[in-house]
Amino acid sequence: MSVNSIKLIIFDLDGTLIDLHINWDSVKNKLKELFNRNVPSESLFSFIEYMTINNTNLRKEAFKIIESEELKCIEDIIFDLELYKLFEKLKERNKTIALVTLQSKTVALMVLNKLKILNFFSIIISREDSLDRKIQIKQVLLKLGFKPNETLFISDLEKDIVLAKEIGCKTAIVTKSKKLKLIKPDYKLQNIKALSKLLSFIND
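In this note's numbering, the protein residues as written are 1 to 204.
Because the hints were derived from the structure by calculation, they are not lab data. Computed from a predicted structure; not experimentally measured. Honestly, I wouldn't trust all of these hints.
[Said to hold, decoys possible] As a list, the in silico PhoX-like pairs of lysine-lysine whose alpha-carbon atoms are at most 25 angstroms apart:
1. Lys60 x Lys85
2. Lys64 x Lys85
3. Lys105 x Lys91
4. Lys28 x Lys105
[What the hints assert, rightly or not] Computed Cβ-Cβ distance ranges for the label pairs, DEER-style:
5. Lys147 x Phe121: 17 to 25 angstroms
6. Asp19 x Lys147: 18 to 26 angstroms
7. Asp25 x Arg93: 36 to 44 angstroms
8. Lys193 x Asn36: 26 to 34 angstroms
9. Lys89 x Asn36: 48 to 56 angstroms
10. Tyr50 x Val162: 31 to 39 angstroms
11. Ser196 x Ile53: 40 to 48 angstroms
Just so you know, even glycine gets a beta-carbon here, dropped at the ideal spot from N, CA and C.
Construct all of the structure, not just a fragment, from the sequences and the given hints.
Structure, rendered in structure tokens:
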């Protein structure tokens with residue numbers, strides 16, 4: 001399949017479109033108090049899901065702790081003209097744009113609004129919808145009516161790329177690392193703005 005057949009582009013948020021610089025140490029310390037046990041550095045959301053599987057109110061409290069730290073990052077976000085022009089280019093080429101994120105819906109909307117790219121997105125799937133990245137991607141495909149082989153998924157995390165490829169999506173990773181441990185994506189981008197160079201090969 002050529003890149004020409006891509007109709008839907010799904011973006012991750014933090015680390016892909018923007019670096020939010022969330023204070024995860026503060027988050028983990030507060031969650032440690034909430035759960036009364038040590039919080040792992042990896043798989044934080046899987047840990048929360050496990051700890052709150054039968055307690056919706058406790059999960060909401062955990063999410064509130066995370067959101068409080070996420071919101072602190074909003075004021076530091078500044079408009080990026082080059083990023084905005086990238087999304088204009090995507091729309092000019094009739095690409096449908098979606099977001100999947102483990103940030104809250106409120107935070108995702110605020111971030112995209114501050115970047116002035118909110119109106120480019122057809123759908124936003126957040127942690128309130130699912131904590132499972134594979135399920136998030138499938139929700140986008142189902143709700144927008146696209147097939148995996150028409151979709152490009154972009155993230156900064158290798159584990160996300162693995163899940164997207166399992167579904168059948170084309171993938172691009174945003175990384176400066178020369179070596180990847182888990183899987184080879186279809187495309188490798190130094191930063192999200194490098195997507196413009198990839199688009200130069202799309203002739204719709």
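Non-conforming hints, listed in increasing numerical order: Result: hints 1, 2, 6, 8, 10 break, sorted rising.
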